[in-house]
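Colleague: Read off the chains here:
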Amino acid sequence: MEHNITRLPIESLMQLTNRSKVVVNKKMSFVERLYLPAILGGLMITFRHFFKKKATISYPEVQRDFSPVYRGQHVLKRDEQGRENCTACGLCAVACPAEAISMTASERKKGEEHLYREEKYASVYEINMLRCIFCGLCEEACPKEAIFLTDRIVSSDYQRNGFIYGKDQLVESTDPDKRVDIAGRLKAHRHQ
Amino acid sequence: MAKVTIDGITIEVPDGTTILQAARMIGGDVVPPAMCYYSKLETSGGYCRTCIVKVTKGSEKDPRPMPKPVASCRTTVMDGMVVENTVSPDLLEARKGVVEFLLINHPLDCPICDQAGECHLQDLSYEHGLAKSRYEFKRREFEQIDIGEKIKLHMNRCILCYRCVKVADQLCDGRVHGVINRGDVAEISTYISNAVENDFSGNMIDVCPVGALTDRTFRFKSRVWFTKPMDAHRDCKKCSGKVALWMSGNEVLRVTGRKDRYGELESFICNDCRYEKKNTTDWNIEGPRNIERHSVISQNHYMSLRQLKIDVSKQKELAEKAHRDKQNTQ
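From first to last, the protein sequence lines are chains X and F.
Residue 2 is where the first sequence starts when you use the working numbering, and the numbers rise one by one after that.
Residue 179 is where the second sequence starts when you use the working numbering, and the numbers rise one by one after that.
Hints are not guaranteed to be accurate.
Per the computed footprint, the stretches of chain X lying under chain F, defined by three or more beta-carbons under 8 Å from a beta-carbon of chain F, are [stated by the list, open to error]:
{"hint": "1", "segment": "85–94"}
{"hint": "2", "segment": "104–115"}
{"hint": "3", "segment": "118–125"}
Below, in silico cross-link-like pairs of lysine-lysine (DSS-like), each with a Cα-Cα straight-line distance of 30 Å or less [unchecked claim]:
{"hint": "4", "chain 1": "F", "residue 1": "LYS406", "chain 2": "X", "residue 2": "LYS110"}
{"hint": "5", "chain 1": "F", "residue 1": "LYS246", "chain 2": "F", "residue 2": "LYS218"}
{"hint": "6", "chain 1": "F", "residue 1": "LYS316", "chain 2": "X", "residue 2": "LYS188"}
{"hint": "7", "chain 1": "X", "residue 1": "LYS110", "chain 2": "F", "residue 2": "LYS330"}
{"hint": "8", "chain 1": "X", "residue 1": "LYS145", "chain 2": "F", "residue 2": "LYS406"}
{"hint": "9", "chain 1": "F", "residue 1": "LYS246", "chain 2": "F", "residue 2": "LYS232"}
For the record, the hints were derived by calculation from the structure and aren't laboratory data.
Don't be surprised by glycine CBs; every beta carbon is placed ideally from N, CA and C.
Can you make the complete structure from the sequences, with help from the hints?
Modeller: Here it is, written out as structure tokens:
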């Protein structure tokens with residue numbers, strides 16, 4: 002089989018930019034051949050960096066501020082009276098593009114009114130953090146302002162099972178001091 | 179025979195046909211929505227007013243337009259009648275008003291309601307309703323009642339369409355429930371918390387357009403869009419035995435009748451099929467039920483290529499032919 006490939010001259014090829022440089026192998030001058038000025042110039046650059054502001058911080062001890070739109074580990078909120086907001090309506094799970102959320106609903110019994118806000122609640126609520134892509138669609142779909150993505154980072158683990166977060170890790174504490182602050186995100190939601 | 183024009187489409191229908199039935203014969207977008215009318219139940223319709231249409235020409239003999247929108251489920255066609263449904267902005271505005279009235283006392287508890295996802299009022303308010311209620315007064319409130327062992331009545335959600343009463347009247351003998359009281363305090367009830375025990379009483383769950391009557395055996399089990407609907411049948415002495423199973427994995431969560439595109443049952447099923455037969459071994463499963471692609475129920479349900487009518491072998495053949503042609507030219 003014969004290949005008839007005709008090579009086009011370089012100039013006739015279409016150029017997208019005019020920033021391309023033609024490499025020339027020109028002879029170096031005496032000063033250039035000494036290499037010392039170039040070495041000193043390089044060392045100057047290195048030396049200058051000692052006095053510059055550091056680009057890194059020493060994380061765990063120092064922590065950067067999170068952006069208000071940062072999306073990290075989820076929280077299932079309680080209302081002012083400490084009752085769970087979530088009613089297991091399933092809209093977060095159906096909105097989830099990664100299918101990371103699953104839940105089982107139960108009916109609230111008499112005497113549990115202080116625990117759950119509505120007559121139905123999620124007895125099991127699981128998010129697979131390995132599947133989750135932290136897109137925030139669950140938060141957007143939630144009609145009860147129950148699920149929010151916070152500025153907490155999902156911790157690493159050696160086992161896969163540890164990444165399936167149940168209600169024990171997702172629901173916030175009833176203790177008023179240990180509540181998860183989502184005021185910034187709530188504000189963004191209500192102004193949409 | 180009478181000739182009637184609905185939204186510019188002319189159809190010839192037998193005398194005595196209602197405008198709604200004529201519109202359903204045409205099908206598509208011209209069909210007005212209906213919350214209380216049910217073609218399988220006699221004397222249904224005329225309560226909810228969602229099916230109102232504008233008659234711009236009464237008939238050939240009397241071409242005057244009708245002064246007000248009319249309920250299409252109760253108005254029979256005349257020869258030469260011209261009807262406007264979706265093409266009339268005034269009418270859509272009027273329907274919006276009707277929906278607002280229906281939603282006055284209806285609670286916004288769709289996240290809890292088992293009917294969510296297959297609720298006609300939800301669809302209707304999504305299409306015509308306002309995002310916020312203008313009603314400032316207290317909504318009427320009732321306690322939830324268990325009518326019998328299998329049915330839960332949420333009177334708060336009821337829109338008083340009378341469909342369930344017609345089911346009791348026409349399907350079950352010796353009915354025990356009906357609508358008591360009048361006006362704002364009207365409610366569905368039984369005679370002193372009497373249980374509804376009749377072989378076909380479960381059909382009132384299926385005819386209910388909202389979540390007022392729900393299946394207690396399915397209560398809070400799952401959301402409709404997480405279940406997989408399957409067509410199935412069994413030999414039943416009491417009914418046709420043709421049902422829709424709502425499954426999750428190999429588990430039958432709920433059994434209902436098969437509903438057509440207007441949400442009406444193809445055939446009524448007995449309580450035995452509905453509540454007692456919850457094993458896959460009880461049923462001959464025909465295959466997945468066809469659900470409209472835009473319904474929330476078909477969310478995350480992946481269609482096979484066969485269902486999408488894409489012939490794989492043909493595609494493969496074409497690809498192979500293209501590959502051969504390419505090799506030959508080289």
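Colleague: Quick one: see if chain F covers the segment 118–125 of chain X, three-plus residues with Cβ-Cβ under 8 Å.
Modeller: Answer holds; 3 residues pass the 8 Å Cβ test.
Colleague: Between the segment 85–94 of chain X and chain F, see if three or more residues pass the 8 Å beta-carbon test, and mark the coverage as holds or violated.
Modeller: Since 6 is at least three, the answer is holds.
Colleague: Would you mind confirming whether the straight-line C-alpha gap from LYS406 of chain F to LYS110 of chain X stays at or under 30 Å?
Modeller: Status holds; Cα separation ~29 Å.
Colleague: Between LYS145 of chain X and LYS406 of chain F, does the CA-CA distance stay at or below 30 Å?
Modeller: Holds - the C-alpha atoms of LYS406 of chain F and LYS145 of chain X are around 26 Å apart, at most 30 Å.
Colleague: Just to be careful, I want the Cα atoms of LYS110 of chain X and LYS330 of chain F compared with a cutoff of 30 Å; is the pair within it?
Modeller: 16 Å, holds
Colleague: If you draw a straight line from the CA of LYS316 of chain F to the CA of LYS188 of chain X, is it 30 Å or shorter?
Modeller: Cα-Cα ~29 Å, so holds.
Colleague: Given the hint that LYS246 of chain F pairs with LYS232 of chain F, test it: the Cα-Cα distance must not exceed 30 Å.
Modeller: The hint holds at about 7 Å.
Colleague: Take the C-alpha atoms of LYS246 of chain F and LYS218 of chain F, compute the straight-line distance between them, and say whether it is at most 30 Å.
Modeller: 28 Å, holds
Colleague: Do three or more residues from the segment 104–115 of chain X put their C-beta atoms closer than 8 Å to C-beta atoms of chain F?
Modeller: Since three or more residues must qualify, the claim that chain F covers the segment 104–115 of chain X holds, with 3 doing so at under 8 Å.
The earlier numbered hints are all upheld by this structure, with none contradicted.
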